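Novice: Sequence:
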Amino acid sequence: MKRSPSSLKDVRLKKLEELVESGIQPYTTGFRPDLRSSELKSKYGGISEEDNVSDIVRIAGRIMAVRVLGKASFMRIQDVAGDIQIYLARDILGVETYNQAKKLDIGDIVGMSGSPFKTRTGELSLAVQSFVLLTKSLRPLPEKWHGLSDVEIRYRQRYLDLMVNRSSREVVVARTQIISYLRNFLTDRGFLEVETPMMQTIPGGATARPFETFHNALNRQLYLRVAPELYLKRLLVGGFDRVFEINRNFRNEGISTQHNPEFTMLEFYQAYSTYDDMMSLTEEMLSSLAIKIVGSQSFKYGDRDVDLTPPWPRITVKESLLNHGVLNSNEVEDRNAVFIKALELGVPVDKDDSLGKLLMAIFDEVVEGNLWGPVFVHHYPVEVSPLARRNDDDPAVTDRFELYVCGREMANAFTELTDPVDQRNRFEEQVRARQAGDEEAHFLDEDFLRALEYGMPPAAGEGLGIDRLVMLLTNAQSIREVILFPHMRPEKGLE
RNA sequence: GGGCCGUUAACUCAGGGGUAGAGUAUCUGCCUUUUAAGCAGAGAGUCGCUGGUUCGAUCCCAGCACGGCCUACCA
Numbered sequence: 002m003k004r005s006p007s008s009l010k011d012v013r014l015k016k017l018e019e020l021v022e023s024g025i026q027p028y029t030t031g032f033r034p035d036l037r038s039s040e041l042k043s044k045y046g047g048i049s050e051e052d053n054v055s056d057i058v059r060i061a062g063r064i065m066a067v068r069v070l071g072k073a074s075f076m077r078i079q080d081v082a083g084d085i086q087i088y089l090a091r092d093i094l095g096v097e098t099y100n101q102a103k104k105l106d107i108g109d110i111v112g113m114s115g116s117p118f119k120t121r122t123g124e125l126s127l128a129v130q131s132f133v134l135l136t137k138s139l140r141p142l143p144e145k146w147h148g149l150s151d152v153e154i155r156y157r158q159r160y161l162d163l164m165v166n167r168s169s170r171e172v173v174v175a176r177t178q179i180i181s182y183l184r185n186f187l188t189d190r191g192f193l194e195v196e197t198p199m200m201q202t203i204p205g206g207a208t209a210r211p212f213e214t215f216h217n218a219l220n221r222q223l224y225l226r227v228a229p230e231l232y233l234k235r236l237l238v239g240g241f242d243r244v245f246e247i248n249r250n251f252r253n254e255g256i257s258t259q260h261n262p263e264f265t266m267l268e269f270y271q272a273y274s275t276y277d278d279m280m281s282l283t284e285e286m287l288s289s290l291a292i293k294i295v296g297s298q299s300f301k302y303g304d305r306d307v308d309l310t311p312p313w314p315r316i317t318v319k320e321s322l323l324n325h326g327v328l329n330s331n332e333v334e335d336r337n338a339v340f341i342k343a344l345e346l347g348v349p350v351d352k353d354d355s356l357g358k359l360l361m362a363i364f365d366e367v368v369e370g371n372l373w374g375p376v377f378v379h380h381y382p383v384e385v386s387p388l389a390r391r392n393d394d395d396p397a398v399t400d401r402f403e404l405y406v407c408g409r410e411m412a413n414a415f416t417e418l419t420d421p422v423d424q425r426n427r428f429e430e431q432v433r434a435r436q437a438g439d440e441e442a443h444f445l446d447e448d449f450l451r452a453l454e455y456g457m458p459p460a461a462g463e464g465l466g467i468d469r470l471v472m473l474l475t476n477a478q479s480i481r482e483v484i485l486f487p488h489m490r491p492e493k494g495l496e
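So the number in our numbering is just where the residue sits in the first sequence, counting from 1, plus 1.
You may find that some hints are simply not true.
What the hints assert, rightly or not - Cross-link-like lysine-lysine pairs, in silico, DSS-like; alpha carbons within 30 Å at most:
#1 K358 / K493
#2 K15 / K42
#3 K145 / K10
#4 K16 / K103
Hints are computed from structural coordinates only; laboratory data are not their basis. The structure displayed is predicted, hence computed values, not measured ones.
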């Protein structure tokens with residue numbers, strides 16, 4: 002570490018030495034506050050400037066602002082609940098203690114004991130009678146007006162961001178409330194929360210490239226899961242009729258404002274139900290969640306309005322293409338016409354792609370981003386839905402939907418494929434695609450097929466991207482705003 | 001992966017071919033109800049890194065690193 006004699010950190014290290022020399026412990030344990038700042042405010046907020054409160058209360062927190070007025074000083078102490086002003090006066094503390102208090106720095110964590118009172122301007126404050134330095138801070142905090150806005154520092158040093166930016170703390174709280182709400186919502190309906198493997202020998206359940214790792218003792222390759230789906234369905238086979246998991250998935254793909262290599266998914270499965278039931282459940286779950294979190298079913302995302310009031314429109318993939326005008330009703334059934342249209346649109350397609358794949362390629366390219374929603378798009382082609390049940394009337398499509406809100410896929414659900422013979426065929430098709438170079442194609446999971454051969458009850462399941470849901474409800478434009486420690490390249494030159 | 005933009009003090013930002021500026025923060029002094037406290041003074045930067053052009057580069061050029069946005073892949 003480089004040390005110029007006058008660096009801000011060295012100034013504080015010198016103070017630290019002086020504190021120790023004068024017998025003050027700079028990292029003290031054992032102080033227990035009575036109240037958080039918000040509790041102090043609600044308990045004593047009603048006092049008047051004339052009141053002489055004799056109660057002594059203890060608060061703890063970080064010094065965020067210091068105003069020394071000579072023989073008296075004010076400081077702002079921040080804790081998790083907010084902040085409270087404290088008043089330090091020489092004639093209360095005595096000369097020696099007051100001079101020690103003046104050595105406290107912005108950033109230090111302190112415990113303060115004193116009596117609540119109101120200042121001339123009517124602000125509830127704490128007149129300190131004694132204090133203790135709990136943690137000496139050695140680095141200066143970001144500037145008090147503009148705070149910390151450099152996104153790189155905000156993400157890399159999230160602790161700093163949380164310290165100085167209230168909005169960042171609010172996102173954390175909202176995220177926790179959202180997950181808690183979803184957990185209770187499902188638990189209340191008889192769902193059992195489970196945990197399934199993150200490290201898998203055969204990564205399954207989604208079309209995605211997995212991360213690879215290696216188990217030394219077993220001398221074999223393992224994958225980080227791309228989805229929990231196949232394990233949750235094994236639990237349906239085992240007899241649990243409603244299960245869910247809220248946990249991390251890992252996909253070895255690009256990073257963007259919508260994508261982090263690890264992200265959180267809610268997956269839930271319900272036996273004896275269909276994807277229609279999933280749509281109703283999703284409407285109820287997310288619209289009530291919105292009321293809980295933002296206070297209304299309609300709210301702003303960016304500069305546009307979103308309204309989650311049920312029911313939400315339901316259209317098929319083909320209808321969405323027709324509605325958009327990109328294809329007409331003759332073309333949409335004609336594989337070659339669709340292929341030509343894809344080429345015209347510059348959509349990346351392969352000459353061997355099936356009708357279903359081509360339709361989805363065009364959908365992804367031109368329709369998806371325009372689906373402000375909320376809208377359920379259903380009847381996905383069977384070729385791109387290897388785990389979903391075929392539609393009884395049209396075996397070329399599946400009983401699958403994706404929920405779109407604000408041009409983004411929020412959820413993916415389907416009536417599950419329970420036929421082990423069909424499932425084997427679908428897997429084999431995926432294996433052929435993998436052998437042809439598709440690194441995202443599914444692996445064949447022989448044990449999963451064996452489970453289906455024992456018999457899985459008819460069921461529907463859904464995956465819901467938690468990060469994107471949190472983005473929607475906190476009006477965040479980047480997934481990194483809703484993940485505490487988003488993935489970053491290693492920092493160079495760190496001391 | 002591709003394109004564009006950015007990187008100057010601890011933070012927020014100006015500046016610009018002749019070796020650097022502001023506010024906040026820090027330090028010193030004054031100040032017993034401030035709250036963007038005030039007043040006076042001071043210190044603080046290898047201008048992201050490495051090369052090139054130039055008498056001279058923080059500035060111009062190239063490469064690299066990191067970040068942002070768009071794009072691609074995906075959820």
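Novice: Let me make sure I understand: some of the numbered hints might not hold for this structure. Which ones are they, in numerical order?
Specialist: Going through the list in order, the structure violates hints 1 and 2 and respects the others.
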